[in-house]
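**Student:** These are the residues of each chain, in order.
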Amino acid sequence: QQQVKQSPQSLIVQKGGISIINCAYENTAFDYFPWYQQFPGKGPALLIAIRPDVSEKKEGRFTISFNKSAKQFSLHIMDSQPGDSATYFCAASMGYSGAGSYQLTFGKGTKLSVIP
Amino acid sequence: GAGVSQSPSNKVTEKGKDVELRCDPISGHTALYWYRQSLGQGLEFLIYFQGNSAPDKSGLPSDRFSAERTGGSVSTLTIQRTQQEDSAVYLCASSSRPRLAGDDEQFFGPGTRLTVL
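From first to last, the protein sequence lines are chains A and B.
Sequential numbering from 1 applies to the first sequence in this note's numbering.
Sequential numbering from 1001 applies to the second sequence in this note's numbering.
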């Protein structure tokens, strides 16, 4: 049972455009939602994360929007650059409250290509 | 400072052989995780170690998989009698807290790419 669904599988965006990746989760006990960025041959690296008491978090060109009632969250990359070309994973865990599980449940990833 | 390191970076083995994958976490990190990344499957949790506590093995796919962590530092993931479906990238991550809190993050190593012929 896939608990975090991510879309699209792949995305092509022109330089300067906005990249949008969406995720939906099923388990309402999830309370921590990070996004990871992975370049070929490298391990994933944390990009930005949000908790459900906040509807939006922005760090530079990266913004997470969170809709608790819809159980959805999304990553927006503004002014997308060729260097942003990578695979992006959304994830969720129940770790923030200190209770329950702590491992990350990942979406299947979105391969982003930003073309000049 | 040094990040999470894993060895070997690539491993090719024959079906039925045993393999050992090694993870060196960031010094001082008490929590260590193993994940498996398969084509089209994203990352799947395998096992979690925290200090001297009993590991959480709930993600291990079969009893052919086992892992240990010696001295609260280095960890070894062992796969016995490898099968072709075990082919994947095995990722190790460590964190400074036992559980995710706030923006605490898991730091991932580069992974070991396992190919079972």
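To be clear, the hints were calculated from the coordinates, so they are not data collected in a lab.
One or more hints might be untrue.
Just the calculated beta-carbon pair ranges, DEER-fashion [as the list claims (entries may be wrong)]:
#1 A:G41 x B:L1117: 19 to 29 angstroms
#2 A:S113 x B:S1009: 23 to 33 angstroms
#3 A:K15 x B:E1020: 37 to 47 angstroms
#4 B:D1063 x A:P116: 31 to 41 angstroms
#5 B:R1022 x A:S69: 14 to 24 angstroms
#6 A:T28 x B:E1020: 33 to 43 angstroms
#7 A:P116 x B:S1053: 25 to 35 angstroms
#8 B:E1085 x A:K111: 18 to 28 angstroms
#9 A:S55 x B:A1054: 32 to 42 angstroms
Since we're looking at a predicted model, the values are computed, not measured.
We put the CB at the ideal spot given by N, CA and C, even for glycine.
**Student:** At the C-beta level, are A:T28 and B:E1020 separated by a distance inside 33 to 43 angstroms?
**Tutor:** 39 angstroms, holds
**Student:** Does the Cβ-Cβ separation between B:E1085 and A:K111 fall within 18 to 28 angstroms?
**Tutor:** This hint holds: roughly 23 angstroms between Cβ atoms.
**Student:** Do A:S55 and B:A1054 keep their Cβ atoms within the hinted range of 32 to 42 angstroms?
**Tutor:** For A:S55 and B:A1054 the Cβ distance comes to about 38 angstroms; the hint holds.
**Student:** Within 14 to 24 angstroms: is that where the Cβ-Cβ distance between B:R1022 and A:S69 falls?
**Tutor:** Taking Cβ atoms as reference, B:R1022 and A:S69 lie about 45 angstroms apart, which means the hint is violated.
**Student:** Between A:G41 and B:L1117, does the beta-carbon spacing fit 19 to 29 angstroms?
**Tutor:** 21 angstroms, holds
**Student:** Within 23 to 33 angstroms: is that where the Cβ-Cβ distance between A:S113 and B:S1009 falls?
**Tutor:** Since the Cβ atoms of A:S113 and B:S1009 sit about 25 angstroms apart, the hinted range of 23 to 33 angstroms holds.
**Student:** Looking only at beta-carbon atoms, does the pair A:K15, B:E1020 fall within the given range of 37 to 47 angstroms?
**Tutor:** 44 angstroms, holds
**Student:** Does the hinted range 31 to 41 angstroms hold for B:D1063 and A:P116 at CB?
**Tutor:** 50 angstroms, violated
**Student:** Does the beta carbon distance between A:P116 and B:S1053 stay inside 25 to 35 angstroms, or does it fall outside?
**Tutor:** Given range 25 to 35 angstroms: violated, Cβ gap about 50 angstroms.
The earlier numbered hints that this structure contradicts are 4, 5 and 7.
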